[in-house]
Amino acid sequence: MQKEQDQILNEVTSGEYKYGFYTDIEQDSLSKGLNEDVIRTISDKKGEPEFMLEFRLKAYRHWLTMKMPRWAHLNIPEIDYQDQIYYSAPKQKAKLKSLDEVDPELLETFNKLGIPLEEQKHLSGVAVDAVMDSVSVKTTFKETLAELGIIFCSFSEAVREYPDLVKQYMGSVVPYTDNFFAALNSAVFSDGSFCYIPKGVKCPMELSTYFRINAANTGQFERTLIVAEDNTYVSYLEGCTAPMRDENQLHAAIVEIVALENAEVKYATVQNWYPGNKEGKGGIYNFVTKRGICKGDNSKISWTQVETGSAITWKYPSCILRGHNTTGEFYSVAVTNNYQQADTGTKMIHIGKNSKSIIVSKGISAGRSNNSYRGLVKVLRGAENARNFSQCDSLLLGDKCGAHTFPYIESDNHTAVIEHEATTSKIGEDQIFYCNQRGISTEDAIGLIVNGYAKEVLNKLPMEFAVEAQKLLQISLEGSVG
Amino acid sequence: MLVIKNLRVSIDNQEILKGIDLEVNAGEVHAIMGPNGSGKSTLASVLAGRDLYQITSGKVLYKGEDLLEKSPEERAKEGLFLGFQYPIEIPGVSMANFMRTAMNEIRKYKGLEPLTSSEFLKKMREKKDLIEISSSLTNRSVNEGFSGGEKKKNEIFQMAMFEPELAILDETDSGLDIDALRIVARGVNNMKSPLNSTIVITHYQRLLEYIVPDFVHVLYNGRIVKSGGKDLALLLEEKGYEWVRSESVNM
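For the record, the sequence lines run as chains A and B. Going by this note's numbering, 374 is the number at position 374 of the first sequence; the sequence numbering is gapless. Going by this note's numbering, 94 is the number at position 94 of the second sequence; the sequence numbering is gapless.
Don't take each hint at face value.
Unchecked claim - Simulated pairs of lysine-lysine, BS3-like, Cα-Cα distance not exceeding 30 Å:
no.: 1; chain 1: B; residue 1: LYS110; chain 2: B; residue 2: LYS18
no.: 2; chain 1: A; residue 1: LYS356; chain 2: A; residue 2: LYS455
no.: 3; chain 1: A; residue 1: LYS426; chain 2: A; residue 2: LYS471
no.: 4; chain 1: A; residue 1: LYS471; chain 2: B; residue 2: LYS108
no.: 5; chain 1: A; residue 1: LYS167; chain 2: A; residue 2: LYS142
no.: 6; chain 1: B; residue 1: LYS110; chain 2: B; residue 2: LYS70
no.: 7; chain 1: A; residue 1: LYS281; chain 2: A; residue 2: LYS202
no.: 8; chain 1: B; residue 1: LYS110; chain 2: B; residue 2: LYS5
no.: 9; chain 1: A; residue 1: LYS471; chain 2: B; residue 2: LYS18
no.: 10; chain 1: B; residue 1: LYS70; chain 2: B; residue 2: LYS151
no.: 11; chain 1: A; residue 1: LYS347; chain 2: A; residue 2: LYS426
no.: 12; chain 1: B; residue 1: LYS151; chain 2: A; residue 2: LYS455
no.: 13; chain 1: A; residue 1: LYS426; chain 2: A; residue 2: LYS281
no.: 14; chain 1: B; residue 1: LYS59; chain 2: A; residue 2: LYS455
no.: 15; chain 1: A; residue 1: LYS266; chain 2: A; residue 2: LYS167
no.: 16; chain 1: A; residue 1: LYS455; chain 2: A; residue 2: LYS426
no.: 17; chain 1: B; residue 1: LYS108; chain 2: A; residue 2: LYS455
no.: 18; chain 1: A; residue 1: LYS471; chain 2: A; residue 2: LYS278
no.: 19; chain 1: B; residue 1: LYS110; chain 2: A; residue 2: LYS426
no.: 20; chain 1: B; residue 1: LYS18; chain 2: A; residue 2: LYS455
no.: 21; chain 1: A; residue 1: LYS471; chain 2: B; residue 2: LYS63
no.: 22; chain 1: A; residue 1: LYS455; chain 2: B; residue 2: LYS123
no.: 23; chain 1: B; residue 1: LYS70; chain 2: B; residue 2: LYS18
no.: 24; chain 1: A; residue 1: LYS471; chain 2: B; residue 2: LYS192
no.: 25; chain 1: B; residue 1: LYS122; chain 2: B; residue 2: LYS192
no.: 26; chain 1: B; residue 1: LYS70; chain 2: A; residue 2: LYS471
no.: 27; chain 1: A; residue 1: LYS356; chain 2: A; residue 2: LYS460
no.: 28; chain 1: B; residue 1: LYS59; chain 2: B; residue 2: LYS70
no.: 29; chain 1: B; residue 1: LYS108; chain 2: B; residue 2: LYS63
no.: 30; chain 1: A; residue 1: LYS426; chain 2: B; residue 2: LYS59
no.: 31; chain 1: A; residue 1: LYS353; chain 2: A; residue 2: LYS202
no.: 32; chain 1: B; residue 1: LYS123; chain 2: B; residue 2: LYS110
no.: 33; chain 1: A; residue 1: LYS32; chain 2: A; residue 2: LYS202
no.: 34; chain 1: A; residue 1: LYS281; chain 2: A; residue 2: LYS266
no.: 35; chain 1: B; residue 1: LYS192; chain 2: B; residue 2: LYS151
no.: 36; chain 1: B; residue 1: LYS18; chain 2: B; residue 2: LYS108
Said to hold, decoys possible - Partner residues are not named here, just some residues of chain B that face chain A (Cβ under 7 Å, in silico):
no.: 37; residue: GLY64
no.: 38; residue: LEU68
no.: 39; residue: LYS77
no.: 40; residue: LEU82
These aren't lab readings, by the way, just hints derived from the structure by calculation. Here a beta-carbon is modelled for each residue, glycine too, at the ideal position from N, C-alpha and C.
The task is simple: from the sequences and hints, build the whole structure.
So this is what it looks like as structure tokens:
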């Protein structure tokens, strides 16, 4: 059986990443390198107002003074930032009036990814903003949403059409000075999604952004901004994939969420960037800053992430619980296989009274991968009766992988209650045998056991994505017990 | 149904089964009794395909085919069921999901359509009534937080659901009170048909008050030292395993 498992491991890990195809489409790209002229060109190409260019240049100048962070439990090779392309867009007509004008090649690409952009083809009410490389290709259901006053469009469009909103909120949660990658993104970001829910509106459909890297040697730097006014609700989902390439590609994104009084924002990510091959060659470097602020009282932000892709993941979706009675949640499943490395977790900053946070992190490591949870729970002096519960579990498959937990707790208020639980377990051969004896193959048994282990988090995803995520977990881990 | 010939099995170079011969025909119930450490559970595990053991010699034919060549899941799909002595917990996987996944794998193997939700639920209700298992049990994760007795009943419930051709029950009776014992026995007796066979492995004679075996075998120190009818169990109860030991020395 041992031999058989090794064989399955070999077969499957040499299997192809399902989304690794490349679309041959004419690109409008800048040449490699980063300087103020490149930034001016990006801003110019997007027809941005002056304030945007100012913001970019300030961020760039600040970035020049910064060094790449090295504190994570990651082995990050030197990245030559002059050897990247910072803007690349599929060539198409300047302004789209209807879907007929979208390049069929692009439509086909998104069809292949399971993201049909024709609204009538959507099974359920999910509005999608599809981003390829540096630009948004198409946003669906824009008009339907507009009837409710909801703005859902590409970030570039928001900058042009709603400059006041962008000006007011962009950088208010993640300032460009925040960290090295946030500064880089603020300087060169090219597109992303913008979402604004006006007072009292509960968004009737799932909003989602699908990110696709296509061009070679190109980094993707997108930013997403979600503003939920008083008494609102919105559920947001983000997905991403990239072609298989031998070289590493850079992805440095920013997501900012602002929740005002009584607002609830759910943000879910199914991250499936190309993870590199079984020898650890290629794959996306994923350096992402995601943060939300519960600004108004009784507001709630919930992050759910299923991380299966990327060669390197550096990501800590966080909540600033500034209002009273606010709630921050973080549910995470992070899978690493082969030579993947992940250092991911969250920060819960309790400022308001009676603020609550929940952290549920499930790490799954296989192959020769390294999987770390890093989390901070910080309670400020004024946060009377703050509550946090953290649960960090690690599951190991095989004996060549690593799981690490780095919990940080800082409390300046003696009424705060902070609980932390952690477990580490291995998939037992006896569990697999029990499944085998009932007729379930080893592959399927691992899928079953892993999905059972991650159930608490998967249950937080919108139904149709939960099924996808379950499959994805199984595919990412197939044959990894050896 | 099952023919075992001169089966020798070791673990870490220590021989545990020292030449087992056994024949089980369709429709028969066999009881294998023996003291602790005699090799009963090893025999059950080897038949189910656990890979912890080295099979040094011998042959096992199941339905005329070489059983030892087959993977554990193939054996299961061919209708071999093991009731575990220590059932395993699988957190987060509901009993219903687990059984449905497994049953549909078996159906696929046999070229049958998967069970629909309603067919599956109907079957589950029927078998639940039969085994008198509480309905909340199937919503809970596989064996997680089950009491010892619940775990054993759950094995019998699965046996009833899977309707195997050959069921091997490894000490399913140990640690059960009389009521649970009756339920286990009812499960086995209900399954009995001219087409199915059962091997009941037990340490005690007590289960055999409820399940009447066609044959009783005494396993001692890796060998079947005595075989007989149901009276053998009574004799064993009366005289104890010491009697077998003295008998086996004479062999």
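Checked against the structure, which of the hints given earlier come out wrong? 1, 7, 9, 14, 19, 20, 21, 24, 30, 33, 34, 36, 37 and 38
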